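Asks: Here's the letter readout for the chains.
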Amino acid sequence: MSDLTRRSFLTWTGVGALSVAAMSLAGCGPSASGGDGSLRFAWWGGSDRQRAYLEALDAFTAEHPEIQVAPEFGDYDAYQERMTTQMAARDVPDVFWIPSPAVLTYREAGLYRDLEGAPGLDLSAFTEEQVESFRLAGTLDTLPKSIFSPVLRYNTNFLEDEGVTLPDQLDWDNLAEFLVDYSANNADGRKGTAYGPYHDMPFESFLRQRGEDLWTEDGTLGASVDGVAAWIDWWEKLRRAGATTSVSEQDGIEPAWSQVGDKVLVTFANSNHIVDDAQAFPDYVFDQRDVPAAEDAAAGYHFTYYSRFAMYSGVPDDRVEAAATLMSFNLNSPELLSLVGLSAGAPPNTELLDQYEPDATPDEQKVIAITREINETEQRPRFEAPAGSGSWRDLMIRELEEVTLGEKTVPDAAASFVEAVEGEIAGA
Amino acid sequence: MAASTLSRGTLSRGTLSRVARHVVLAVFVLLMIYPLLWMLVSSFKPSNLILSQTGLFPSEITLENYGDGWDALGSPFTLFLGNSLLIGVGSVIGNLFSCSLTAYALARLNFRAGKLYLALTLMTIMLPFHVLVIPQYILFAELGWINTYVPLLLPKFLATDAVFIFLMVQFIRALPRELDQAAMIDGAGPFRIFWSVILPLMQPALITTTIFTFIWTWNDYFGPLLYLTRTELYTVPVALKSLVDTETQSGIGTMFAMSLVSLVPILLFFIFAQRYIIKGIATTGIK
Amino acid sequence: MTLTSKDTGRRVRGAPGAAGSKPPGGRAKPSGGTRGQGLVAHIFLLPWMIGMIGVTAGPLIASAVLAFTDYDLLSPPQFIGLDNFVRMAGDERFWAAVRVTLVYVLVSVPLQLGFALFLAVVLDKGLRGLSLYRSAFYLPSLLGGSVAIAILWRQIFGENGLVNHVLGWFGIELGSWLQDPSLALSTLVVLNVWTFGSPMVIFLAGLRQIPEELYEASMIDGAGRVRRFVSITIPLLTPIIFLNLILQMISAFQAFTQAHVVSGGSGGPLDSTLFYTLYIYQRGFVNFDMGYASAMAWVLLLVIAAATAANFIVSRRWVYYGDE
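Just so you know, the protein sequences line up as chains R, G and Z, in that order.
Quick note, the first sequence lines up with residues 1 to 428 if you use the working numbering.
Quick note, the second sequence lines up with residues 429 to 715 if you use the working numbering.
Quick note, the third sequence lines up with residues 716 to 1039 if you use the working numbering.
With the rest of the complex left out, here is chain R (with noise of 0.2 Å):
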């Protein structure tokens, strides 16, 4: 068979023609759409907890051997991808988890159903002023998966290398000042930290100290040019004194964190994070703080942030109890926790979480410290990124470029941010 004869372009082209005919009808099993009255939950994440989230739902099944689940899963940019898709196409899974800059435009589509008095969905490990922190203007149509919050991670070897320790009542200014000091005698030639004004949560927490909010109840930024401005210009003073790593050097404004965990000593970071981000330098030991906080923050800063699922709301009555069994799995199994751990967040549901603290990783361990002290905390309420400004991440990262690149001031940056988010929450 040296060449593609006509004979053999035939019979090719014939036997392949049937085959995926056949395979088309018959070998590739009913639609995704609930066609075979499976469940169908969506998630996000790396490969860890895809197979994490693989055998709890198995311990699902096992449980509720009646209730079939179709697993939808992929990375983050992925999910947000094929969600999007779905959305449009009215083809939404049946639980779903949220990413956080679409929990209000997906419930401005309609996509959530009312969960309040559910069949099958469990709220009891909550106290009923917990739930009323969960509801969304009133109304229970999402769920909170996971909490966490923002935290100074820290490198105890490199502060131990120095023979240095962080102030103990930390503020804006004297953790400035500390790193600028680090970096500028530390033996190893190591940065104070990374450049990180990109990073939304200690951002938020920043805003708070003043007073702001980075969301209004009624849907539009709360964040000021002149707060906006000042979170920048925080940074921008620990880059140009050369106590933080160069854009260049981090390459981009959002630096990965495997390129510059070992070239920092602190960074900003969920309070979840520590999970995973610990496991890229196993050489070091990494723990974390509450954040700095001036000395006249406004009351009730801080703030616990809830990542949300939720069920969609074209999912037929007689399939409800099974989402929401689904859902209340999610929220109180000592199983599933056990097997997902804490990468994602710690779980809302405190019971649950003092259950897991024995069985916890010394980084886990971490997460469950910050968790709870944050618990105890005064808060103030927290509002969702409004429909529309699901990009401002992007926007904020194109100011920053624009500063770090010397094409901007920081007052300018920081008023065409405001204005660009404010232009795509109108444009919704």
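No lab work stands behind these hints: they were computed from the structure.
Being a predicted model, the structure only gives us computed values, none of them experimental.
Stretches of chain G that chain Z covers, calculated by requiring three or more beta carbons in the stretch to come under 8 Å of a beta carbon on chain Z:
hint : segment
1    : 456 to 468
2    : 526 to 539
3    : 557 to 563
4    : 585 to 598
5    : 663 to 673
Just so it is clear, CB atoms sit at the ideal spot from N, CA and C, and this is done for glycine as well.
Following the hints, position chains G and Z against chain R.
Replies: Same frame as chain R, but now just chains G and Z:
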């Protein structure tokens, strides 16, 4: 004697020029595949050293990325390779069948709408995929074809890959008309001519189509991501993307390892297929 | 009967070999069935027609309609006339995307094609181990838009990457190319040239269609290597050069994956790698602004169609078909 010196002189000059060409080519190849070499070396480093120890000579060598990556998604990686192979082969067959028929009609048959059809065909490759994908998804979801291979394969049998129609049209147009005419004089109809004259002559185009169809569908990401939501139906690119956690950047090592593993089948395929291009028309002649 | 290509007598202007093998007379256009081939053609076109009507046309028309609407993917589209097009005129990022894309098309397409043609000729024949080289040169194309590219490119063009390392020997100190707005686009041009494998394969296939006899005839006429390349290879390859030009131009206008992967989807720094389709993607999939994205897509279609048509018109001056 003079003659033998001369011939030896030419010989060594010829050898010299051959060696020189090899050296130049080899250096060039090295430059081209340096990134891949780096990736290969990195895939044998412990995951946490890949970005911190960037030299080509690692201090520590491990196979863990390959072992971990193989089972990372709860199913052996062969499953994804198999899925991709199935879709790749199906697509090749579909494109060879449908595009050659279409191209022949557009390149050789005289009918009024021919030019219009070619223009229409070309137009379909000019619109960016991202504004078409949602209506397309709605269409296939309505038909209940999500989580089947139909949305990925059926279009190939319906000549929707306009690139290959255009490619084949250009190759057919490069063939002399006199061939058809000779066959026509022998009493052959359009189907005979297509089958016995054009198809064998356009072998290089068919092989090219085969190579590109296979490799492009092998690398296609967005379609399989949307249409195949079950892990056991994943194709290689979707599986690879799932290995890296966008938020924490963990899993780079396993992703490198599995990327290289998945390069092997398409590289073998290419090495195999390109020989047929090279044989081409010049050696096979026309029978 | 063995019909070699010599008997077919291509008409090649300026090819010495062609003169030696005269076409069998100025035979008239095919007489049989010029009219009657419409029906036959449509039988051949049946799969294409089903595909066009059943699969392609719907989404195509849908996107054309959406171009005149405000459509956020979640609620029904609202008709807004020409607003999307008016908005484009005043959209700074739109114009940034236009600039980036035009520069990319004008620079990377000729570079990539020149490279591909050169190597196709070098790797065509006459050296041992060519198939090995061909495969090695094709390797980068196999990687396509893989997620691995993002990391590889940082490794090469980052602050401590390979390129800066080499430049350092000559005393040139540069930061990360990917973070420098004046250099970032060039890394994507390099990426495109790096994956020159596809046009190279098409050229190789085209070279194989050139009948050996033409070369033999011209060698008898005493033509040298360069002469043969200029007077036989190039003219006979023009349909394929043209094909590659059109295909690569269209794909450069639509370049997406590589910029998406390398810039992490942002098109940064400072929109210096914001390709047109990347901006379409951002508007459509990130900002749920599919009406505007569709309008942008149709503008792109018109631009590509115009560029293609212009190429077709110009091609009459330099492309020689065997069927003419």
